[in-house]
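Protein chains in written order, with numbering that gives the first Met the number 0: chain A, 0 to 345; chain B, 0 to 226; chain C, 0 to 634.
No wet-lab data here; the hints were simulated from the structure.
The beta carbon of each residue, even a glycine, is placed where N, CA and C say it ideally should be.
One or more hints might be untrue.
[Said to hold, decoys possible] Computed list of lysine-lysine pairs in BS3-like fashion (alpha-carbon distance at most 25 Å, straight line):
#1 C:415 to A:4
#2 C:213 to A:229
#3 A:147 to C:616
#4 B:153 to B:141
#5 C:616 to C:522
[Stated by the list, open to error] A few chain A residues facing chain C, derived, Cβ under 7 Å:
#6 48
#7 51
#8 54
#9 71
#10 145
#11 179
#12 213
#13 217
#14 218
#15 257
#16 329
Listed below, chain by chain, are the residues.
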Amino acid sequence: MERKKALVIGAGAAGMTSALDLAARGVDVFLVEKAADIGGRAAEYCCKATDECNRCAACLVLQQKDKVAQEPLIQVFRNASVKEFSKNKDGFKATVASDGQDVALECQAVIVATGFDPYNLGRRSEFSYGLEKKVLSGLDLERALKEKGSLTAAFGPGINKIGFVQCVGSRDLSIGNGYCSRVCCMYAAKLAKLIRSELPEVELDIFYMDFQSFGKGFADFDKDLRESDKVKFVRSIPSKIYGFPYDYLTVRYTDTLSGKTLEDKYDLIVLSLAITPSASSSELAQKLGLGLDDYGFLAGDSGEESMVTGQPGIFLAGVCQGPKDIPQTIGHAKAAAGKVCGFLEI
Amino acid sequence: MIVAEGKPVEKILEMLAPYKKVLIAGCRGCVTVCLTGGEKEVGILASQIRMARSKDGNPIEILEQTEERQCDAEYNAKFLENVGKVDAIVSLACGIGIQYLGEKYPLTPIYPGVNTLMLGANIDVGRWEERCFACGDCVLDKTGGICPIARCSKSLLNGPCGGSQFGKCEVSAPVKEDIPCGWQLIYDRLSALGQLDKMSEIIPAKNWLRAKGPRTYVREDLTLDRS
Amino acid sequence: MTKQITNIRIGIYLCDCDGKVSKKVDLNSVKVAIQSKAEFEYIRAVEVACTKAEREQIVAEIDKYSLNRLLVAGCSDPFIVRQFLQLADDKGINRYNVEFVDLSAAESVGAAVSAVDTALNRLHLRAEVGYEELAVIPDVLVIGAGSEAAAAAKAIAKNQPVVQIDNVGTRVIGLDGFPGAFTVILLENGQTVKKDFGAIVLALGAVPQYDKSKYGGVELGADVLSLSQFINAGKDYAGKKVGFALGKADEDSLLSFAAVLKAALDLKEKGASEVSIIYEDMKICADGLEQEYERARKKGVNFLKYTGEFQITRFASGIAFMYREPFLADPAKIVADYIVLAEDFVPAAGTLELAEIFDIRTGPGGFFQKDNVHSLPIRSNRAGIFFVGSCHGPIHGTDLYNEIEAVLAEVSAFAKGKVSVPSLQPKVEAEKCAVCLTCYRCCPHHAIEIVHGEEYNNMYFSAARMNPLACQRCGVCAAECPGKAIQLPLYSDQEILFEVQQPARIVAYACENSGFLASEFAKTLDPELQKDLQIVEVPCSGKIDIIYLLKALENGADGVMLCVCHKENCKFVWGNDRAEQRKVRAQQILNQVGLGERIDFVHVAANQGNQFNTAVKAMAEKIRQSGTNPGKVVK
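Excised from the complex, chain A in its bound form:
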């Protein structure tokens, strides 16, 4: 029997999940990844477990990566992108450029799982991101902790005060980002918890506007964070972060609880950059005939089936459709794979 074929664009948490689920149902999968390796952004995250798992779910992504490598029904294209795409009576035809070679593929269904890009601060220099090496993005910190194993190994001794700044590019109407990125409060809190387990004395401040975390046992998590982990919450988004001319970072902010404008010294600042649509998504949307929502995410069915698009046979999985955490992304991608199975009648 000829196997049904599906194209999955993007090999991050969502794409890998969909690909594995499809393969498990006997579908041949072409998994197209623009980077040199599969895994996506979450494969670069660190583990945030302290004395127990803190439910960041980054490990799930590496487990999937390993499974994809062992799955004969998944053919991975690295350094790859969809060059041409068209529809015919049997399904879809795509030309995928991979490692400099063009490959023509035919398939009956497509899952788009192109993920996100962190908010690009561009020329906005008020947080000195890209100018000061101790001003990091959340992703930078995750990568450093994963690669080096600890904060001290990554940044040396002498880190005494760390600030996390939330909502950098999220919920910011001045740039048209009228949405919450959903995951940042929780990952900042978990990173703070992780750092606390390594450095009992370091000062940890979180600058925020509305603390957005929730979920199973959140109330206890929150209490622990404030009381035993001694994380200080500052209800304010800083107006300026600068290094020069000192050997520390200065954060200027107005504390909305006291009404005072203050300046504080920090050794490390972590910016929670917004989840924004990936740079390629508008071009891809055009190629595939998909719509975008108000913020540039790929638009799914507005109501109950957010993985369904206006194009029969083309489905969305994960954060390309809107911000999600890892378990939600995986759930969404499983649902998308389910939709493909329904569409292919298998």
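Using the hints provided, position chains B and C relative to the given structure of chain A.
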């Protein structure tokens, strides 16, 4: 079910000191069920003894074999070949199995690898509780189905005594946890059954001779003359 | 020991990868050496195995020599792996019977031969894995009365038959069977009835509960309403002032936030004179909520942020919230005709009873499901039983629909009435099974039943049996079995103990979900550390039998590590906790005979290569202190 626990290994090492080649004999009956003497534990004990003896520069060879029930002669026959190869046997069966296997092979010394503890129930994985004393004269009809002999520290037939407090027995258990007062349990059960009047019945003294060995039980109607 | 199938016919292909391998190692010598010592059916050295012509020839050879297992030694490139697995699959040789050896790292003929030989032994020891075609019942039972259950039932009904019960009028009182064939025992009009379903979806929802202790003891009344009272009353508030309080209850979810925003907009529409919402953190992190918040602000809803505490006080002009506002000298005072207080959400009635009947775990707040990342939002610890909506913790809006779709994807696998699965669940050797129930009780997934019949060759004519659809292959049962009656295919005792016959100085038993992946990462960070280290992969640390620890030491390892998932992260609920208990006992066993500290138990995640290396160094230091293992048994 018979419940047993592993003997401290230093005792077993002491017993085996003179020997170079032994058989560890497991049993697939009660001691497998109570996780003390099945094939798995045979392997663990064998490995431990081999390592201990190697450390002491006195290596030992160990054969491992587990059979159906050491309390039945027919199954014990299966050990014949291996028994012939060894200087001694360690049995991980209950006290009955150990002796019975020993009787089968009287010329090979046999040693206990377990302490046989009780007739107990498997409450959950890793926990066993005594339920029966094998006293030979069952009174469960009078006590709401809860045995005062096995479950009261004093085996009182007419309890509780003054040491019953808040449902617990004053005697501290060897496992260092509260023992429920057997008579409290009986009271609660009778109360639930609406048979509390039984609490006021005096149970006459038992014939403890039936609880004392050596006991033999013979069914003439079943005995078989094979001559 | 595992029963071996008698007709194992192995084909060996030694691929030169276009001359890459023979630069270092003469393939022909490897071939000759293997031919002289090993058991196999056919061997051939190939220049490039991944060409179309070779592919066709190999297919022909599989037929000609009736090969049923393949060993491919070459570059182990994903491309060739994929090609061979597919080719094997086409020929009915499943992927578990194909073994790959990476020769690119081999420095000598001897090393190459020993690598091939090891893999060959693995193939010989491997149990036969077939595929089972199983009939399944497509019907799905949805349990719950609310809108969540209705939405789930409606979505599933598009694909397959659905029965929805409210668990009040018709109540579940028992459950039998396994995924694909559950028998649910129901109490219906006082009668006990049995109905069969392939899968079960729990959608009991959550219920609001007003907790006055969170509001300084304020009782509900005519002008103080709980949020659910307010919503259910549906009164006309035209011309009235209404104040809502958020942030004191229901911190675990967005439900109240969403409900209050909706109510506020509704009130504005229907002409309420003033709508105020006091809140601590405006939780809007779900699809569409931020937009709703913006809309409410534009419509003139007052949003007032407090920190810490507020009081509810009665005045002549109405009832008011009072709180400290840092920018004002006096306390802020929000006077209203009605105030509405958010409630907590608690599990719906029947949640705990169903958890017991179904043998599924509950977690924080008494809701279904442990707080474990592997559960995703919809999985229980039992295959075939799923959660949708607030019964596993209050959820909101589009998350519900995403969950329904995810469940749909899972249950639709049964829609066709049959499934084909690899027969990878543990196999029980009936002669050794004492029917002791240890496996049954230790199984995290309720995947084991006791079956009876003449064919079970023991004194009970009974044995444990693992259900192929319920079993998730952790191997906890096999590791706990006191009779050694259970073997997990691909990870049998024979196969694992074979790996540690001549162990490295340190043997690390590593869970494939964590420790093993961490070790792969660790290799790239510090290749030097690998010298004295041997990784033995297991599907879950719950599979690490105590005898594995002892045998590695007996065979000469100086130290043994168990590299397991972090606490509360085990994919198989409690595999890592079982492993920890075994570690403790194994170390006691060593201590009893004076062998020193030689076993380390390490929680390590897939992305913790550094931590893995740190643990290896700690182990090395520990055995340096304890000295060479004196317990090594010289054969």
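We went through each hint and held it up to the structure:
1. C:415 to A:4: holds, 20 Å
2. C:213 to A:229: With Cα atoms ~23 Å apart, residue 213 of chain C and residue 229 of chain A stay inside 25 Å; holds.
3. A:147 to C:616: Satisfied, since the Cα-Cα distance of roughly 16 Å is no more than 25 Å.
4. B:153 to B:141: Judged against 25 Å, a Cα distance of about 18 Å means the pair holds.
5. C:616 to C:522: holds, 13 Å
6. 48: holds, 4 Å
7. 51: This interface hint holds because 4 Å falls under the 7 Å limit.
8. 54: For residue 54 of chain A, the interface hint holds, since the closest Cβ of chain C sits about 5 Å away, which is under 7 Å.
9. 71: holds, 3 Å
10. 145: Check passed: Cβ of residue 145 of chain A comes within 5 Å of chain C, closer than 7 Å.
11. 179: holds, 4 Å
12. 213: Check passed: Cβ of residue 213 of chain A comes within 5 Å of chain C, closer than 7 Å.
13. 217: OK, holds: residue 217 of chain A within 7 Å of chain C, min 5 Å.
14. 218: holds, 5 Å
15. 257: Holds: closest Cβ of chain C sits about 6 Å from residue 257 of chain A, inside 7 Å.
16. 329: Holds - the Cβ of residue 329 of chain A comes within 7 Å of chain C, reaching about 6 Å at its closest.
In this structure, none of the earlier numbered hints is contradicted; all agree with it.
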